[in-house]
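Could you slot chains B and C onto chain A? The hints should help.
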Amino acid sequence: MTGASKSKPPLLREDGKRLDGRSFDELRPLSIEARVLNDAAGSALVVWGKNKILAGVFGPRECIPRHDESPYRAVLRCRYNMAPFCSLEEHGRSGPSRRSQELSKVISEAFENVVIAESYPKSAIDVFIDVLQSDGGTRCAAVTAAAVALADAGIPMKDMVAAVAVGKVEGKLALDLSKEEDNWGESDNPIAFASRNGEVLLYQMDGQLTRDEIDQAMTMGKAAAQKVHAIQTDALRRVYTRAGEVALPLSLKPGEARSE
Amino acid sequence: MSKIVVPGEVVSDKPERMAYTFSDGQKTYATALSLLNEEGKLVPLEGPYEPIVEDVVVGYVTDIRFTGYNVELGEPFSGFLSSRDSRATFRLGSIVQARVINVDEVKSIDLADARGLEGGWLEHISPVKVPRLIGKRNSMINTIAQMTGCNLVVGRNGYVFVSFAGNHSLAIEAIRMVEAQAHTTGLTDRVAALLREKAGAKNMNAQAGMAGAQVNMAGMPTSQMARGQDDNSQM
Amino acid sequence: MEVQEQLRHNQLLQLLNSGRRADERGSLDYRAIKLQKNPLNNAEGSALCKLGKTQVIAGVKIDLATPFPDRPEEGVLSTGAEFSPLGSHLFEPGPPRVEAIELARVVDRGIRSANMIDLSSLAIPGVAKVKAVYVDLWVVDHDGNLFDAAMLAAVAALSNTRMPKLENDKLVRGEYDGTLPISCMPVTCTFGLLGNHKILDPTLDEEKGLDGRFTLATTPDFVCAAQKTGWKGVTQKDIMEFVDISFKKGADLRRLITQ
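Chains as they are written, first to last, in numbering that gives the first Met the number 0: chain A, 0 to 259; chain B, 0 to 234; chain C, 0 to 258.
Heads up, some of the hints might be wrong.
In the BS3-like style, the derived pairs of lysine-lysine whose C-alpha atoms are separated by at most 30 Å in a straight line are [as the list claims (entries may be wrong)]:
id : chain 1 : residue 1 : chain 2 : residue 2
1  : B       : 197       : C       : 227
2  : A       : 7         : C       : 33
3  : A       : 49        : C       : 164
4  : A       : 157       : B       : 13
5  : A       : 157       : B       : 26
6  : B       : 106       : B       : 197
7  : A       : 221       : B       : 26
8  : B       : 2         : A       : 157
9  : C       : 169       : A       : 49
10 : A       : 7         : C       : 36
11 : C       : 169       : A       : 121
12 : C       : 197       : C       : 33
13 : A       : 178       : C       : 169
14 : A       : 104       : B       : 106
15 : A       : 178       : C       : 36
16 : C       : 197       : A       : 49
17 : B       : 197       : A       : 226
18 : A       : 226       : B       : 2
19 : B       : 106       : A       : 226
Derived DEER-like restraints, expressed as beta-carbon distance ranges [unchecked claim]:
id : chain 1 : residue 1 : chain 2 : residue 2 : range
20 : C       : 69        : A       : 241       : 22 to 28 Å
21 : A       : 88        : C       : 69        : 53 to 59 Å
22 : C       : 227       : B       : 179       : 34 to 40 Å
23 : B       : 82        : A       : 115       : 51 to 57 Å
24 : C       : 227       : B       : 83        : 24 to 30 Å
25 : A       : 108       : B       : 9         : 25 to 31 Å
26 : C       : 169       : A       : 97        : 26 to 32 Å
27 : B       : 23        : A       : 210       : 28 to 34 Å
28 : C       : 244       : A       : 241       : 35 to 41 Å
29 : B       : 53        : A       : 226       : 43 to 49 Å
30 : C       : 173       : A       : 203       : 38 to 44 Å
31 : B       : 25        : C       : 93        : 44 to 50 Å
32 : C       : 231       : A       : 97        : 44 to 50 Å
33 : C       : 244       : B       : 189       : 53 to 59 Å
No lab work stands behind these hints: they were computed from the structure.
This structure is a prediction, so every number in the text was calculated from the model and none was measured.
Idealized CB from N, CA, C, for every residue including glycine.
Excised from the complex, chain A in its bound form (with noise of 0.2 Å):
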């Protein structure tokens, strides 16, 4: 990306750790915030490493274009966008991308798979997924946070779904992985899993792995995304023990609660 002119860094320090302390099946810290937005019938705000991703739900709704709705069923659309200040680097020309406008198709179909939509017919559910940080690995956060930004809402569904990219960094799979080792790393592998039966709804691969490599990455990846799963839900539960207003709490740290 950005370095593409400049030579790869070490990704390992001496002590053979990754550059940030974490051990190769190591999450980032991550913490979620569900219902931060008071328009949005359903939002959350995931905070994972230096990401932060904002997801808003609104529907079931009037479907426009009109042409784009089934008699069937309500149609489910996840629009993932990068704020112009989102990162370290330049400032971004606002507007989807190739790259957005992708992420955007396969987000959406990952919930396809989930969301029940029969009893909304002619009518769009709209899933918007606003970066307002980025580090490495948006899209798995974007996943995340859409996933509980949707159960906020009360949808009905069938299932969470939580995300996590498995990576190759100096010849070993590596969870999670940071900016520098997506950059510079061997492979990245980014997977939504249904959290009810582990099914993949959402994967994307780059770089080389072998037949045994992808088994093994698929398990770590089921592994951590079940922890992902438990910090969705405590956000969804907390959503009714904590006082105070509805709030964004952008300042939020990785790894913690927002205490009122």
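Below, chains B and C without anything else, positioned relative to chain A:
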């Protein structure tokens, strides 16, 4: 102990038929963010309106046609009120209470028995919290109406008509409190305490005393009480 | 939507005629205001303004850019606004609509004519490029009065903007060298107009019923930007009243940014 469950979470170790769940033939799972209470009953905490015949709803007129009126009932639903099924005439923006007489395969809604509601404001609450706002044998809504002197009409679809006569803003505050705390116990008492605390001073200005209190439980005709899974007044 | 606006208009008028607002605020009271300063780290400056239930994020990015040909010795200030579709059931995805463009331009005018940022200080001696300040207003929760919330967020973000270190005429990302110098803090006050009523800080419900709005940006000494919206006409006397109130309320708003 009741417990909050998320979609996909097991609510019973055997296959069961109940609202807001599905079964894979072995276990039963929640489909919505819900409260699972001691009796194993599931009460949804959030969610859209699901129209059913005989529901009494509240909305406002958005279009007038030769054959009748379009009535906005909260996204994604609007109802059609045929002129034949309504003696009264309405204008654009008229707030109406009506009964659902038909819901077809694509969820088009037909309405009848409409009556106009005037001199008030329309609030919207989450439709799954309507039973809680009404309360056991109308206890909650009666309390709010009596202590604010407002005329209140609750639609099953989540629209609530609040008259300007009476302590309008206090009634809205109480309604919002019920919506926010619908999952808690002892709510009727806390709402009554809020109303007692605030009604004293404000009701003096609000001209309408207790005598003006009126309440209409549009949202919960007797037939509605049969929708067991929806009745979260006991949680 | 039209019908709902008419409905709100009638309801709001009834209520104001009886001397009340739906949330029982006085006609010249603001809702509760909360500012989070620098909640984001990748942006050089950021702030979240919560005005009642309205929530607006401002993000500031500092880049190097080519100066405008007629002002080669000045840095660049560029303000954009996005009504993120997650911010309201009224917003749709797509290119900014005219309301978002208007918001960005009103905030930009306030900052620019107040000379809040000394643009000549953003020139880099001996280099053709200048420093550029990009302010993006990101509306994530719309409950009315976006102008005042966005202005507060923008000014709070700019007041807390770190300047990236400059090395060999390039910006070093993640390393900082001081902060963006600012000279003053413009703030706006927005009044809703309905019949003969004037209400400060209208909510979205109130905005739906209004005949017009009047926004004034002020520094402690000057009025520095204005925008009248809606069809309702105002008199000279009205405007002088808005000016007087804006200076008074402006001092309160500035305290929120500095404290």
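Each hint, compared with the structure:
| no. | hint | verdict |
| --- | --- | --- |
| 1 | B/197 to C/227 | violated, 38 Å |
| 2 | A/7 to C/33 | violated, 44 Å |
| 3 | A/49 to C/164 | holds, 21 Å |
| 4 | A/157 to B/13 | holds, 17 Å |
| 5 | A/157 to B/26 | holds, 13 Å |
| 6 | B/106 to B/197 | violated, 42 Å |
| 7 | A/221 to B/26 | holds, 22 Å |
| 8 | B/2 to A/157 | holds, 19 Å |
| 9 | C/169 to A/49 | holds, 24 Å |
| 10 | A/7 to C/36 | violated, 35 Å |
| 11 | C/169 to A/121 | violated, 53 Å |
| 12 | C/197 to C/33 | holds, 24 Å |
| 13 | A/178 to C/169 | holds, 22 Å |
| 14 | A/104 to B/106 | holds, 27 Å |
| 15 | A/178 to C/36 | holds, 25 Å |
| 16 | C/197 to A/49 | violated, 45 Å |
| 17 | B/197 to A/226 | violated, 46 Å |
| 18 | A/226 to B/2 | holds, 20 Å |
| 19 | B/106 to A/226 | violated, 39 Å |
| 20 | C/69 to A/241: 22 to 28 Å | violated, 54 Å |
| 21 | A/88 to C/69: 53 to 59 Å | violated, 29 Å |
| 22 | C/227 to B/179: 34 to 40 Å | holds, 38 Å |
| 23 | B/82 to A/115: 51 to 57 Å | violated, 36 Å |
| 24 | C/227 to B/83: 24 to 30 Å | violated, 48 Å |
| 25 | A/108 to B/9: 25 to 31 Å | holds, 26 Å |
| 26 | C/169 to A/97: 26 to 32 Å | holds, 28 Å |
| 27 | B/23 to A/210: 28 to 34 Å | holds, 30 Å |
| 28 | C/244 to A/241: 35 to 41 Å | holds, 37 Å |
| 29 | B/53 to A/226: 43 to 49 Å | holds, 46 Å |
| 30 | C/173 to A/203: 38 to 44 Å | violated, 28 Å |
| 31 | B/25 to C/93: 44 to 50 Å | holds, 46 Å |
| 32 | C/231 to A/97: 44 to 50 Å | holds, 45 Å |
| 33 | C/244 to B/189: 53 to 59 Å | violated, 39 Å |
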